[in-house]
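In the order they appear, the protein sequences are chains A and B. The C-terminal residue of the first sequence carries number 131 in our numbering, and the numbering is unbroken. The C-terminal residue of the second sequence carries number 288 in our numbering, and the numbering is unbroken.
Careful: at least some of the hints might be erroneous.
[Said to hold, decoys possible] Within a straight-line C-alpha distance of at most 20 Å, the following computed DMTMM-like cross-link-like pairs (lysine to aspartate or glutamate) qualify:
# : chain 1 : residue 1 : chain 2 : residue 2
1 : A       : K73       : B       : E180
2 : A       : K73       : A       : E84
3 : A       : K73       : B       : E237
Hint data in this document are derived by calculation from the structure and do not stem from the laboratory. As the structure is a prediction and not an experimental result, all values here were calculated from the model.
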Amino acid sequence: DTGVSQNPRHKITKRGQNVTFRCDPISEHNRLYWYRQTLGQGPEFLTYFQNEAQLEKSRLLSDRFSAERPKGSFSTLEIQRTEQGDSAMYLCASSLGIGVFYGYTFGSGTRLTVV
Amino acid sequence: ELKVEQNPLFLSMQEGKNYTIYCNYSTTSDRLYWYRQDPGKSLESLFVLLSNGAVKQEGRLMASLDTKARLSTLHITAAVHDLSATYFCAVGNDNDMRFGAGTRLTVKP
Numbered sequence: 017d018t019g020v021s022q023n024p025r026h027k028i029t030k031r032g033q034n035v036t037f038r039c040d041p042i043s044e045h046n047r048l049y050w051y052r053q054t055l056g057q058g059p060e061f062l063t064y065f066q067n068e069a070q071l072e073k074s075r076l077l078s079d080r081f082s083a084e085r086p087k088g089s090f091s092t093l094e095i096q097r098t099e100q101g102d103s104a105m106y107l108c109a110s111s112l113g114i115g116v117f118y119g120y121t122f123g124s125g126t127r128l129t130v131v
Numbered sequence: 180e181l182k183v184e185q186n187p188l189f190l191s192m193q194e195g196k197n198y199t200i201y202c203n204y205s206t207t208s209d210r211l212y213w214y215r216q217d218p219g220k221s222l223e224s225l226f227v228l229l230s231n232g233a234v235k236q237e238g239r240l241m242a243s244l245d246t247k248a249r250l251s252t253l254h255i256t257a258a259v260h261d262l263s264a265t266y267f268c269a270v271g272n273d274n275d276m277r278f279g280a281g282t283r284l285t286v287k288p
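Kindly generate the complete structure, drawing on both the sequences and the hints.
Following this line, the structure appears as structure tokens:
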């Protein structure tokens, strides 16, 4: 296991289209997080899973956004009816979450451009 | 609501010089993190600080935490070009982490 994997690395889509991103966390990590980062800003928290349960969602996660983590393994983030303001880097992170906390491991991100 | 503020946001320094980046946060938190991000890349974990007075060092970088002042510092000693990157502090708990806006560091020869 070489770390957190995200696909695709880049996605260009037309406004109004739906897009889906995938994140494969480190296999023994039971917690998975989605963040969004726009140019020149720090990452903003979107949502968090412990195993398959989605435990927290940010107000940033409008009803056009949905995230799933079936079977507590990989996760998907879907954006419906994309808008130009959705253009950003979408980062996934995972953590062990039990006992001593080692911090988050981030994936390389998916860069979304909505044209 | 937890807020995290970093300063400076931009820092240009010459090789060999020392400087400190500051991170203030608004509410009590379990832990504080420092990350590095190179352009177009993801975030690399540098330090996790868990308690008041914690100090960690790795190479030319040293991070400290004062939970009473809600302040962390990242000190750069004798900067080299390879340290050019954006540095983020983040504060949080097991549920989520809130990031500062980042300090874009440029080290010039």
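Check your understanding: Between K73/A and E84/A, does the CA-CA distance stay at or below 20 Å?
Key -> Status holds; Cα separation ~12 Å.
Review point. Between K73/A and E180/B, does the CA-CA distance stay at or below 20 Å?
Key: Judged against 20 Å, a Cα distance of about 15 Å means the pair holds.
**Study point:** Distance restraint between K73/A and E237/B, which requires alpha-carbon spacing of 20 Å or less
**Key:** Violated, because 34 Å separates the two Cα atoms, which is more than 20 Å.
Hint check: a violation occurs at hint 3 only; the rest are consistent with the structure.
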